[in-house]
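Asks: Here is how the chains run, residue by residue.
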Amino acid sequence: MIPAPTAENPFAGDNSGIQKRETIARWALRVGSYIVVLTTAAIMLHIFAKGAPVAFQSKWPFVNTQFLTELPATLHVIEGKQGQHIETDVNGADAAKQELGDNFASEKTISYSGGGILGPIVGTALLVIVSVSVALFLGVCCAIYLSEYAKKGKFLETVRLAILNLAGVPSVVFGLFGLGAFVLTAPVFVDVPAERSVFAIPLGFTTLSFQGWDTCVLSGGFTLAFVILPVIITASEQCLQAVPQGFRETSMALGATRWQTIRYSVLPFATPGILTSSILGIARAAGETAPIMFTAALAFKDKLPWQKDLPPLPADASIFAHWEQSVSRFLGIFTESVQALPYHIYTLAAKIPQNEYAERAQYGSVFVFLVLVASLAAASIWLRIHLRKKYKW
Amino acid sequence: MVTPAPKQPVVHVCDMDFCYGSSRALQDISLEVEYHRVTALIGPSGCGKSTLLRCINRMNDRVTGARVTKGEVKVKGKNIHDADVDLTQLRKQVGMVFQKSNPFPKSIYENVAYGLRIHGEKRKNVLDEAVERSLRQAALWDDLKDRLAANALALSGGQQQRLCIARAIATLPDVLLMDEPCSALDPISTLKIEELMHQLAQNYTIVIVTHNMQQAVRVSDYTAFLHLGKLVEFAPTEELFTNPHEKLTEAYLRGTFS
Chain S
0 MIPAPTAENP FAGDNSGIQK RETIARWALR VGSYIVVLTT AAIMLHIFAK
50 GAPVAFQSKW PFVNTQFLTE LPATLHVIEG KQGQHIETDV NGADAAKQEL
100 GDNFASEKTI SYSGGGILGP IVGTALLVIV SVSVALFLGV CCAIYLSEYA
150 KKGKFLETVR LAILNLAGVP SVVFGLFGLG AFVLTAPVFV DVPAERSVFA
200 IPLGFTTLSF QGWDTCVLSG GFTLAFVILP VIITASEQCL QAVPQGFRET
250 SMALGATRWQ TIRYSVLPFA TPGILTSSIL GIARAAGETA PIMFTAALAF
300 KDKLPWQKDL PPLPADASIF AHWEQSVSRF LGIFTESVQA LPYHIYTLAA
350 KIPQNEYAER AQYGSVFVFL VLVASLAAAS IWLRIHLRKK YKW
Chain F
0 MVTPAPKQPV VHVCDMDFCY GSSRALQDIS LEVEYHRVTA LIGPSGCGKS
50 TLLRCINRMN DRVTGARVTK GEVKVKGKNI HDADVDLTQL RKQVGMVFQK
100 SNPFPKSIYE NVAYGLRIHG EKRKNVLDEA VERSLRQAAL WDDLKDRLAA
150 NALALSGGQQ QRLCIARAIA TLPDVLLMDE PCSALDPIST LKIEELMHQL
200 AQNYTIVIVT HNMQQAVRVS DYTAFLHLGK LVEFAPTEEL FTNPHEKLTE
250 AYLRGTFS
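Heads up: the protein sequence lines correspond to chains S and F, in order. 0 is the number of the first residue of the first sequence in numbering that gives the first Met the number 0; add one for each residue after it. 0 is the number of the first residue of the second sequence in numbering that gives the first Met the number 0; add one for each residue after it.
None of these hints come from the bench; they were simulated from the model. Mixed in with the good hints there might be a few duds.
[Claimed, not checked] Under the rule of at most 25 Å between Cα atoms (straight-line distance), these lysine to any residue pairs were calculated in the SDA-like manner: (1) S:150 <-> F:19; (2) F:99 <-> S:247; (3) S:150 <-> S:243.
[To be verified] Interface residues of chain S toward chain F, partial, derived using beta-carbon atoms under 10 Å: (4) 151; (5) 152; (6) 154; (7) 243; (8) 244; (9) 246; (10) 248; (11) 251; (12) 255; (13) 256; (14) 259; (15) 260; (16) 263; (17) 264; (18) 267.
[As the list claims (entries may be wrong)] Residues on chain F that point at chain S, a partial pick, calculated with CB under 10 Å: (19) 61; (20) 75; (21) 77; (22) 85; (23) 86; (24) 91; (25) 96; (26) 240.
A virtual CB, placed ideally from N, CA and C, is assigned to each residue, including glycine.
Use the sequences and the hints to build the structure in full.
Replies: Here is the structure:
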């Protein structure tokens, strides 16, 4: 029976049905959120539990420097007849075998699972530097043009749509695009064009040959730049739009040109946001695997990009005396192919036989990678808070 | 009252039509603004008084499809739509203060020096002098001289608007356009700005848009009444408010319509 309002309780009524629905809705939403949080926590804790022991140690300096400063190597596991168990690298393996002598029972080799992951860390860092520089330059230029110069209309709508579509392109397609565009056809200055050159323009003193950059940091970095370009353009445009129109009007009314207005009273106030979003772009670029598979990454490389068999510069002269060589050697870093963290993780997970010895490198790499990405995200948050305080209106 | 005005008006709008795309916002406007006088533009919302104001320094150029379709606007005797008019020079000499006080989130000093800096002034002593002169003229110097490095956003609303006036007069414009400069301010701040305008009129020619008729009476020497894009009446303020010639003006002043 529905209670009727009375003089004592003019607000009497039956709302049990409404209450029931209210409860169901609340619980459905709550359970959904819990599932998300629990799944994330499970993944993180699992990686932390298995990966932290690889990256950290109980003795000073508490960080496993070997894992962070050595190149990946093949792990040799040697077992003796009396139950000896030795894990070592290729050099230690021979010595261990000799020491065991007749006691030697078996030897197992596990690729990439020994040593550390310095190569992939360095490679990812180089790729990120190149991709973010390129993407920031192109992205900010594009965002400024779209937000400040372009007339509203069909053209602008088309460009926006194109950018949105670019964000939806699968990353493996970007990888293939990079292979075609940068690895195989990008222009270089050479004295003698290679045979595979698409076409060559003789310039007299040299030749501009469209023969590609090969698989290298530059190719991979440019490819990654296009992957994160939509993110950077969209975010930069939003940051520019967030700067009050009044600043632009005032500046123009004082006689500033459009570029002066942008330079002095729009960009300074949009920069914090642009930087923040570009850091998130870094995290994205660092994590992409498919775009670098064909353009930059190697499964294994026993040298860092700057370790090349080149004659040392004459010791007698300062670095400035050979600046041309120094510069070309520095740039040479970017024309090397590298290992990269996400691709290394893929290799460890899919390309080597799985056993208990492989786990160390697998979880260690993933853990280090996650820590790097998390610290980038933290840096972006810190930067945002810090710069917001400085520039508020 | 003030220095006698030269015969030629500083702003001369001659028989001007103005359109946003295909809709005509202003029609057959003719208006002469004298040197060192305050001229008020009044009228109901949407009558085109802000548009007219923004015609004088060509701020309407920013709006797509906005253009003068007939007649011309002369400032200091020069048609400002001529091809050889440098927009940056025009705006340097025709300053503007907006409805919403919008100081840049920079220091007080940098705000006032902005106009000079973008016109290439780098000499520290020139900038210092201009900042002091502008702040003095805006009646802010005594309050702010010890904290020129402070962020302009730390100022109160009224101070911010006076800072914007200081910023606009730092480039020594001949004409100062004010687009409802007091509409966002409290009565005390409004009073201060109005006092300021009397003083500024000694050095500058002021054109002010206001929706507050008492304000027009208090600050202006001449008043123009606009209605639906047409200039209904333009006369010395006292005459217009006490003895309007047009029925429409009288009706508006009596509050019969708004």
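Asks: Which of the numbered hints above does this structure break?
Replies: Hints 6, 20, 21, 26 contradicted; others consistent.
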